[in-house]
Amino acid sequence: LRKPTDSLKQTENDAAARAIESAMEADAGEAPPLFYTWPRLYAAVLIYLGLFVVFLYIFTEYYQDLR
Amino acid sequence: MTPLDWIVLVASIGLMVGYGVYKSRRDQTIQGYMLADRSMPWWAMGLSIMATQATAITFVGTTGQAYMDGMRFLQFYLGLPLAMVILCFTVVPYFHRAKVVTAYEFLEQRFDAKTRVAASIIFLIQRGLGVGLALYAPAVVLSIILGWSEQITVLISAAVAIAYTVPGGIKAVTWTDVQQMILIVGGIAGAFVTALLLLPPEVSVSDAFFLAGALGKMNAIDFSFDWQNRYNFWSGLIGGMFLALAYFGCDQSQVQRYLTGKSVTHSRMSLILNAFLKLPLQFFILLTGVMVFVCFLFIQPPMLFNRVEAHRLAETSAANPTVAAEYQAAVRNYEDAVARRRRVAEQLVESRRAGTEAPAASSPRQLMAAHQAVETARREGIDLVQRTNEGRPYDDTNYVFLTFVTSYFPPGLIGLIIAAILAASAISAELNSLATSSVVDLYKRHWKPDAPERHYVSAAKVATVFWGFYAGVFALFGGRLGSLIEAVNMVGSLFYGSLLGVFVLAFGFPRVAGNAAFIGLIVGEIAIILTSRLTNISYLWYNVVGCVVVVLAGLLVSLAAGGRTKPAIPGGRA
Numbered sequence: 385l386r387k388p389t390d391s392l393k394q395t396e397n398d399a400a401a402r403a404i405e406s407a408m409e410a411d412a413g414e415a416p417p418l419f420y421t422w423p424r425l426y427a428a429v430l431i432y433l434g435l436f437v438v439f440l441y442i443f444t445e446y447y448q449d450l451r
Numbered sequence: 133m134t135p136l137d138w139i140v141l142v143a144s145i146g147l148m149v150g151y152g153v154y155k156s157r158r159d160q161t162i163q164g165y166m167l168a169d170r171s172m173p174w175w176a177m178g179l180s181i182m183a184t185q186a187t188a189i190t191f192v193g194t195t196g197q198a199y200m201d202g203m204r205f206l207q208f209y210l211g212l213p214l215a216m217v218i219l220c221f222t223v224v225p226y227f228h229r230a231k232v233v234t235a236y237e238f239l240e241q242r243f244d245a246k247t248r249v250a251a252s253i254i255f256l257i258q259r260g261l262g263v264g265l266a267l268y269a270p271a272v273v274l275s276i277i278l279g280w281s282e283q284i285t286v287l288i289s290a291a292v293a294i295a296y297t298v299p300g301g302i303k304a305v306t307w308t309d310v311q312q313m314i315l316i317v318g319g320i321a322g323a324f325v326t327a328l329l330l331l332p333p334e335v336s337v338s339d340a341f342f343l344a345g346a347l348g349k350m351n352a353i354d355f356s357f358d359w360q361n362r363y364n365f366w367s368g369l370i371g372g373m374f375l376a377l378a379y380f381g382c383d384q385s386q387v388q389r390y391l392t393g394k395s396v397t398h399s400r401m402s403l404i405l406n407a408f409l410k411l412p413l414q415f416f417i418l419l420t421g422v423m424v425f426v427c428f429l430f431i432q433p434p435m436l437f438n439r440v441e442a443h444r445l446a447e448t449s450a451a452n453p454t455v456a457a458e459y460q461a462a463v464r465n466y467e468d469a470v471a472r473r474r475r476v477a478e479q480l481v482e483s484r485r486a487g488t489e490a491p492a493a494s495s496p497r498q499l500m501a502a503h504q505a506v507e508t509a510r511r512e513g514i515d516l517v518q519r520t521n522e523g524r525p526y527d528d529t530n531y532v533f534l535t536f537v538t539s540y541f542p543p544g545l546i547g548l549i550i551a552a553i554l555a556a557s558a559i560s561a562e563l564n565s566l567a568t569s570s571v572v573d574l575y576k577r578h579w580k581p582d583a584p585e586r587h588y589v590s591a592a593k594v595a596t597v598f599w600g601f602y603a604g605v606f607a608l609f610g611g612r613l614g615s616l617i618e619a620v621n622m623v624g625s626l627f628y629g630s631l632l633g634v635f636v637l638a639f640g641f642p643r644v645a646g647n648a649a650f651i652g653l654i655v656g657e658i659a660i661i662l663t664s665r666l667t668n669i670s671y672l673w674y675n676v677v678g679c680v681v682v683v684l685a686g687l688l689v690s691l692a693a694g695g696r697t698k699p700a701i702p703g704g705r706a
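So the sequence lines, in the order shown, correspond to chains E and D. The opening position of the first sequence corresponds to residue 385 in the working numbering, with each subsequent residue numbered one higher. The opening position of the second sequence corresponds to residue 133 in the working numbering, with each subsequent residue numbered one higher.
If you are wondering where the hints come from, they were derived from the structure by calculation, not from laboratory data. What you are looking at is a predicted structure, and each value in this text was computed from that prediction instead of being measured.
In silico SDA-like links for lysine to any residue, alpha-carbon gap of 20 Å or less:
(1) D:Lys394 / E:Glu414
(2) D:Lys576 / D:Lys593
(3) D:Lys410 / E:Leu425
(4) D:Lys394 / E:Pro417
(5) D:Lys394 / E:Leu418
With these hints in hand, go ahead and build the complete structure from the sequences.
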């Protein structure tokens, strides 16, 4: 059997979480100042990371080949 | 330092501190003192977050690390952009909308009070140790400039940091960080240009890069997988991502920064700014350290970069003929080896410019051999220092860049660089977050819940003083830990994995309740300690181990206890 305090705690958690979720939904409409939408901005970060790794690879290989 | 340097130094620090304190003069509430009334723009928060990690330790530690070990430390940051993206769509909106002052307050909302306290205590221990290392960095600077022992300069640095942080609050910290970031970038750029200008006229930038490459310093990426290799692509991407997730998602010193944002968008953008700028900034800083190394191929570097220790050794040898003979032999060997390395480097550059094959005596392989001879000769000097100092370990990685700055920078610029280092906003931000967590998570929650706001602000100021002294005591041991930038991240990695694990449980596993999370946290921390003690796995992996063990232990306990019947977080997996 669950204690009464457990269910009370869970109800409080659920209420707090619902409040957070509704706030997040409201925020979802706020566009970032770059790339128009959040998914596009996140994709831009990942593409940037990939390009940076490629740059580091070329940089390292170039100077290693000179040795 | 010249009088001009002193004027620039005092004026720069005075202006920065005065401006920060002026901006926060009316903060008499918890929200004001600890969260800047949630009024900060994203670019200021973003620069402040970067400045926290890029202050004295960056100048002193990262450049020294590059001098000794090349560019490979850059891989440490490869996981950071990934972590920023993950945090942007997970914890940032939750923290922001839950209106919490500390990250651990959220854990009580989600789990229970004991999990919050445990996480808060883990944070206080690890950040307290980390701030000690951060404090040691400006102490090294003062030690070099003034020629005083590190013990004295640690005490001075602690006193300055406390005096500056206590009246200011988070707003002062953030605004001074912004100025400091500008100073840092300017200072590093100045160092890079100075290093290039000091090269002999016949050595171009391209030649300098070539020499660095020939000596294995341009090793920016390594795709080979090895658990024990401290920095490779995999440890950086995976271990570094876990470390960054924990650092930016669970460490109050970072969370508190983006909680000061006007909205979730501002908080997210501050992290995205880091995702874009951190890697190129670190690349540039490490490249500057490498250029200092190349510069010292043509300029005689000191055998011992720590002047205080070099002076002590000279005094010891003056009083002891046996030590004197060994000292003179070590210096002679070192100078001969450096001269030979210089000759080989010059010949190599000459052949390269002439487009001819380098003669056998000056091939890249010979340059490497000459460099190893320099390192061996330097090792003799270091051994002598340790033997004449009761066997205490000697590591002067953190002195390389400062020796370069104080020896070769033009008057005025030295003062500016030292000001940037001594601004020590990193420690002020960390002291502020330690005080915040101590007061909000422990004092206000468990000892005095109903006092007026002013009381808590006063308590936070007292806590700031306490943590400043705590950091000072730990900083006294900083010199024995080698490279500061490595030491500070190794200390963090001992604790961050388990902290991250408990937050993963909070966000990703709604059925897990307080007891399971608490037990998972403890088990995870034990697992990290055992891993560090019993294995040779590189420290970046501790973050992965800790996180995974906390999650698994939490899930197992939760299953054994029957779990919850409803998801605690709507949108989570029920």
